[in-house]
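Participant: Now for the letters of each chain:
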Amino acid sequence: EAQVTQNPRYLITVTGKKLTVTCSQNMNHEYMSWYRQDPGLGLRQIYYSMNVEVTDKGDVPEGYKVSRKEKRNFPLILESPSPNQTSLYFCASSSSPPGTEAFFGQGTRLTVV
Amino acid sequence: QQQVKQSPQSLIVQKGGISIINCAYENTAFDYFPWYQQFPGKGPALLIAIRPDVSEKKEGRFTISFNKSAKQFSLHIMDSQPGDSATYFCAAHDHSGGGADGLTFGKGTHLIIQP
Numbered sequence: 001e002a003q004v005t006q007n008p009r010y011l012i013t014v015t016g017k018k019l020t021v022t023c024s025q026n027m028n029h030e031y032m033s034w035y036r037q038d039p040g041l042g043l044r045q046i047y048y049s050m051n052v053e054v055t056d057k058g059d060v061p062e063g064y065k066v067s068r069k070e071k072r073n074f075p076l077i078l079e080s081p082s083p084n085q086t087s088l089y090f091c092a093s094s095s096s097p098p099g100t101e102a103f104f105g106q107g108t109r110l111t112v113v
Numbered sequence: 114q115q116q117v118k119q120s121p122q123s124l125i126v127q128k129g130g131i132s133i134i135n136c137a138y139e140n141t142a143f144d145y146f147p148w149y150q151q152f153p154g155k156g157p158a159l160l161i162a163i164r165p166d167v168s169e170k171k172e173g174r175f176t177i178s179f180n181k182s183a184k185q186f187s188l189h190i191m192d193s194q195p196g197d198s199a200t201y202f203c204a205a206h207d208h209s210g211g212g213a214d215g216l217t218f219g220k221g222t223h224l225i226i227q228p
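Heads up: the protein sequence lines correspond to chains L and B, in order. Quick note on numbering: our numbering labels position 101 of the first sequence as 101, and the sequence is numbered without any gaps. Count along the second sequence from 1, then add 113; that gives the number in our numbering.
This is chain B alone, in the form it adopts within the complex (with noise of 0.2 Å):
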């Protein structure tokens, strides 16, 4: 079964601190990795994503650094701010895989940043 394991369930940092959400997988035909955040009330969207082709990809405080050997992906958000207070999601596309965007999705981590 397609697997996305996400870590931790929830999480607390200080307000310009670092917050760290990994991710592991085991299906070696994910072939792209996209980060999700979702505010209360709404809709995931995509915040950032990355290909197996490299190891990192930043936009602005958020960074993806992603281990193709040890088939592991993190999200880090530097210098948190009380409005980065969200659910986030990590995902994994199988470009073989069923469904019509081919998403499997983590169970999501609820991140609360303390002023």
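So here's chain L without its partners, still in its complex pose (with noise of 0.2 Å):
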């Protein structure tokens, strides 16, 4: 089955904890992005990789990082979190050309504390 997965699906932290989302997808994608979902504001997304240890900011990028050391995991890396992070994330994966179908994982709900 065709999914993406990501872990944990919630989390409570303490502010500057570093933590790791895991996101992992069986699809062969070649693009990967992180999203957070915050009420009234959408999908906004904070990072993407375009594949292989390619990796760029999207709209919301501060206070987060991704690694893409494997076509199928890319990571979200927060290593010092504050509670303006606490948001709800998601990890999307989608094949070329961009612009087809995005596929989302279930979500991390985050909060922090």
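Hints were generated in silico from the structure; no laboratory data involved. One thing to keep in mind: the hints can contain errors.
[Unchecked claim] Capping the alpha-carbon separation at 27 Å, the derived lysine-lysine pairs in DSSO-like fashion look like this:
{"no.": "1", "chain 1": "B", "residue 1": "K155", "chain 2": "L", "residue 2": "K65"}
{"no.": "2", "chain 1": "B", "residue 1": "K118", "chain 2": "B", "residue 2": "K171"}
{"no.": "3", "chain 1": "B", "residue 1": "K155", "chain 2": "B", "residue 2": "K171"}
{"no.": "4", "chain 1": "L", "residue 1": "K57", "chain 2": "L", "residue 2": "K17"}
{"no.": "5", "chain 1": "B", "residue 1": "K118", "chain 2": "L", "residue 2": "K57"}
{"no.": "6", "chain 1": "L", "residue 1": "K18", "chain 2": "L", "residue 2": "K71"}
{"no.": "7", "chain 1": "B", "residue 1": "K155", "chain 2": "L", "residue 2": "K18"}
{"no.": "8", "chain 1": "B", "residue 1": "K128", "chain 2": "B", "residue 2": "K170"}
{"no.": "9", "chain 1": "B", "residue 1": "K184", "chain 2": "B", "residue 2": "K170"}
{"no.": "10", "chain 1": "L", "residue 1": "K71", "chain 2": "B", "residue 2": "K155"}
{"no.": "11", "chain 1": "L", "residue 1": "K57", "chain 2": "B", "residue 2": "K155"}
Could you use the hints to bring the two separately framed chains together as a complex?
Facilitator: Below you can see the structure in the form of structure tokens.
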């Protein structure tokens, strides 16, 4: 079954404690992205990757890092989380060319206290 | 700044009625217009999409109407059912823009279908 898998689904952490949200896709897609979803703001792209070792900033990259060492994995790293990063996070992948269907993971609800 | 403006923010429709959600854009480089449906606790999933060379696309009860000159597109849900209650996002793809998937999303519409 084609899917994008995120872990964990729920996470409560304290300010400043580094965390990683994992994302893996089994569709051999070149393109992967991270979004955050906040009430009234919709989906905003954090970072994206066009292929292995190729990443770039999206619209709201501050406070986040990513890496793409393997085609299937695209982890999101918060090195020093702050309360304003409390949000619902989605990983997405899509195939070449861009503009075709984007497949989203189930989401990770992060609370930073 | 690339933007897709979506309205209304929330919508309540009686069962059997027509749900209409509208989106407008400014960037003429947009070349693909998908709609995503999101149920609580789930990620968004592609519902239906259109390219600007056609004015309408229908899939079952779901129809996209596209007006290139007005730079507007809309989602119509005919015979709306309680199972259609979800958040709907319009999006637009810019083949010259940034982002792996090149998608710019609207802010979403929370649709409730009352039995």
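Participant: If a hint holds in the structure, say so; if it doesn't, say that too.
Facilitator: Hints, verified against the model:
Among the hinted pairs, K155 of chain B with K65 of chain L is consistent with the structure: their alpha-carbon atoms are about 24 Å apart, no more than 27 Å. Restraint check for K118 of chain B and K171 of chain B: satisfied, since their Cα atoms lie roughly 22 Å apart, inside the 27 Å limit. Restraint check for K155 of chain B and K171 of chain B: the C-alpha separation of about 24 Å stays at or below 27 Å, so the hint holds. For the given pair, K57 of chain L sits about 23 Å from K17 of chain L by alpha-carbon distance, which is consistent with the 27 Å threshold.
Between K118 of chain B and K57 of chain L the alpha-carbon distance is near 23 Å, which keeps this suggested pair within the 27 Å criterion. For the given pair, K18 of chain L sits about 24 Å from K71 of chain L by alpha-carbon distance, which is consistent with the 27 Å threshold. With a C-alpha separation of about 26 Å, the suggested pair K155 of chain B and K18 of chain L falls inside the 27 Å cut-off, and the hint holds. As the CA atoms of K128 of chain B and K170 of chain B are separated by approximately 23 Å, the hinted pair is consistent with the 27 Å bound.
With a C-alpha separation of about 16 Å, the suggested pairing of K184 of chain B with K170 of chain B holds against the 27 Å cut-off. Distance check on the hinted pair: K71 of chain L and K155 of chain B sit about 24 Å apart at the alpha-carbon level, within 27 Å; holds. Restraint check: the Cα-Cα separation between K57 of chain L and K155 of chain B comes to about 25 Å, which is no more than 27 Å; the hinted pair holds.
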